[in-house]
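Number of protein chains: 2
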Amino acid sequence: MKASLGFVDEENMSMLTDLYELTMCASYFDNKRFEPATFDLFIRRLPPNRSYFLFAGLEQVLLFLEKMRFTEEHIKFLKSQGFKEEFLEYLRNFKFSGDVWAVPEGTVVFPNEPLIRVTAPIIEAQLIETFILNTINLQTTIATKASRVVYAAQGRSVIEFGLRREHGTDAGMKVARASYIAGCHGTSNVLAGMMYSIPIFGTMAHSFVMFFDNEIESFRAFAKTFPDKSTLLIDTFDNIKGAENAITVAKELEKMGFRLRGVRIDSGDLVEISRKVRKMLDDNGLGYVQIFASGDLDEYKIRELLSKGAKIDAFGVGTRMGTSADRPYVDIIYKLCEKMNEKGEFEPIMKLSERKATLPGRKQVFRFMDERGNFSKDVIALEGENIDGEALLIKVMEKGKIVYDMPSLEDIRKNALNNLSRLPEKYKRLRGASKYPVKLSPKLKRLIKDLREKLKS
Amino acid sequence: MKASLGFVDEENMSMLTDLYELTMCASYFDNKRFEPATFDLFIRRLPPNRSYFLFAGLEQVLLFLEKMRFTEEHIKFLKSQGFKEEFLEYLRNFKFSGDVWAVPEGTVVFPNEPLIRVTAPIIEAQLIETFILNTINLQTTIATKASRVVYAAQGRSVIEFGLRREHGTDAGMKVARASYIAGCHGTSNVLAGMMYSIPIFGTMAHSFVMFFDNEIESFRAFAKTFPDKSTLLIDTFDNIKGAENAITVAKELEKMGFRLRGVRIDSGDLVEISRKVRKMLDDNGLGYVQIFASGDLDEYKIRELLSKGAKIDAFGVGTRMGTSADRPYVDIIYKLCEKMNEKGEFEPIMKLSERKATLPGRKQVFRFMDERGNFSKDVIALEGENIDGEALLIKVMEKGKIVYDMPSLEDIRKNALNNLSRLPEKYKRLRGASKYPVKLSPKLKRLIKDLREKLKS
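The listed protein sequences derive, respectively, from chains A and B. Under the numbering used here, think of the first position of the first sequence as 999, with each following residue one higher. Under the numbering used here, think of the first position of the second sequence as 999, with each following residue one higher.
FYI, nobody ran anything at the bench for these hints, they're computed from the structure. Heads up, a few of these hints could be off.
Since the list can't tell identical chains apart, any single copy or any two copies may satisfy a pair.
Below are the BS3-like pairs computed for lysine-lysine, each with C-alpha atoms no more than 25 Å apart in a straight line [to be verified]: (1) K1454 / K1299; (2) K1074 / K1426; (3) K1222 / K1424; (4) K1239 / K1454; (5) K1309 / K1452; (6) K1253 / K1077; (7) K1349 / K1441; (8) K1309 / K1299; (9) K1443 / K1375; (10) K1093 / K1443; (11) K1452 / K1239; (12) K1082 / K1412; (13) K1309 / K1074; (14) K1082 / K1227; (15) K1393 / K1441; (16) K1424 / K1239; (17) K1424 / K1082; (18) K1354 / K1082; (19) K1426 / K1447; (20) K1426 / K1454.
Bear in mind that the values here come from a model prediction, so they are computed numbers and not experimental data.
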């Protein structure tokens, strides 16, 4: 085996799947089972310290569905794994031809609500499972976490800084995207800036300061290159002396008609240091110089800093947000909810087990608002039920073609911020938030009761 | 901005970097600073419940270093971000030309030990930082976690099953690779099987069982397609009834000259159910049918199951291993440790701060064994010191070319298993392991003392 960078690309993404998807599909094929079925993608439950999810990742799912193909290289490998020629021939011609309904990206959602609903011949509906879960799990986990960080920052800027500790190259890109959707102001990730037009930010590292003979020389060197946009890292030796040096350089910049953008503090007691540094800057007429803080931050730490009176204008948040360190996944699943029977009718299906029950049938989610337009409750209902609220699932794909005017990243971000602003405070508390009411419609409840009785007998 | 799958590939990987790497490099360039410097990549400290690290990811780092380039598209984007033409011209011709020493993949390592040591002109040494950290962090985090899971399984097979909840596409590939290095027997990830020749495994999902009119029909359909390698999922309705159906199908297979490979239990009390199912299988002369367990497993859960007498032959371990859920990162950093001075001599550099001090100078790590060949202690020393132990860092790249006969994945895995077997038990306990002794050489200690005094004055 040759050494490999092991990147996943458009050509090989169809093979980024669990083997069981292919074995099940081979068996469906072998048993001539091609009936359509519907699967729901949903999240089973709220993790500790989460009270909602911010849905993200749909764009990549739809592009995947439209473009996934099997190449001769794939077929050859699958043949070596014992798959039969007839099924391989089917894969050679594989194109996803199903219908997909989904909640728009940037929507606030809750456990058990269908987020993506796929109706397609069983083999197609099954074969796409792993990639969809992988995509939505990451972006929704991160968007949710990032929205909490942004919330804790109370209007101050949050920049996503975690590329070095995010899980590989694709996570680097998708974390930047999902964090931006959730309200971050930008990212340090240059490629995410290039590919997604996300604003990029960067300061300097300790090594830069240490490479010069002394701190002020390093500050001057940096300010020479970026006279109008330098943020100087002041904690390499001592934050206060670093601030003095930054003030000297800011004054030198002023003489040349430039303004120092900011100073960055990366260690120490951020409350005390930021207050001292703010005062030093203000006393020197440098009220415009921003204080940028970083170093092991997350929503809990930011809230603590601000509640203790830290004077910080912007936060660089890395590892803990970029890995969602306190809970690096959501309990996302993709479950069969109906299949076509011999009569050509769709028949609801449900899994009966205590902690893992599923909701049967083809469903829609309806959201109710209070008089101010804030979210007040959701109702999960059967499709076609006459319910007052706003339907969250919209048709995004028909017969394998995207029929959805895919919003720009900026529009997705606006939708997210709008959604978050309409979610009442009590559901957004970082700890101990209230439980948002999600009800089942009477018809759905009756169906569940009927199926439960039928299954038990 | 067009909708995008946002994949990182060989062409754009050079841009997967923090903006500050580029701003620092632009400033070095602007200030005509091109002197060589040395950086160490190391992990600052052990996370809770980790007592060692299993190093992984070097292959991808070396391929990155040899292949990274900047294209006209990159240059155009950087120009739009305000970078100056002279520096962009430098990037147009960029090729990494440095020397790299590293610990082989699959080596057990400890905090503060240099794992990769880069000596190159400062701009080159700086520009590569983010990608290296991103690559080593993920694979080392996962290899370490997976080695604990394999250890807990006490010789039973562990299959990596986490693709759906791993962080994006690249994590899917690299988690499969790192887990295999750490001793897992394979992965569910088909693409990892194709690209890395890792053995792939798969069973069936609940949806497959539910798609048929009843469980036994689904088992028969699956066994028809894979008569010699079916593992039947028996918990969709009831584990015991599922086992009865599996036994019926196993007997049917026997009549046709085939053997059922296994049954999978994915929920319920795995201890009690596995014991019951084992007895049922044995009572029916099906001692060869393996019991495969899955569902929210990790090293703690596996140890608990085995200590309570569960009868399980193999474990499918997903999310918690694939995200290293209890600690989804290591405190990995890349720090300047020496630079060339005006006289053309390398001069050691160190960062002085309480919790974030670094080790100065160009270093080597020496490992000592006891009389049985087991690891007894490590010594971090200055390069060239005459120390008895085995030197861990070897030269892998010279003037930008790989000079290392890169081992196959199988050989890396063997190295890992050999390393883990030579790490005494007391350092491998899942909780409360002893602290492995890592000492500093006398010369390194003296250098630190001298620099500390110099820096303080």
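What are the numbers of the hints the structure violates, in ascending order?
Violated: hints 1, 2, 3, 5, 6, 10, 12, 13, 16, 17, 18, 19 and 20.
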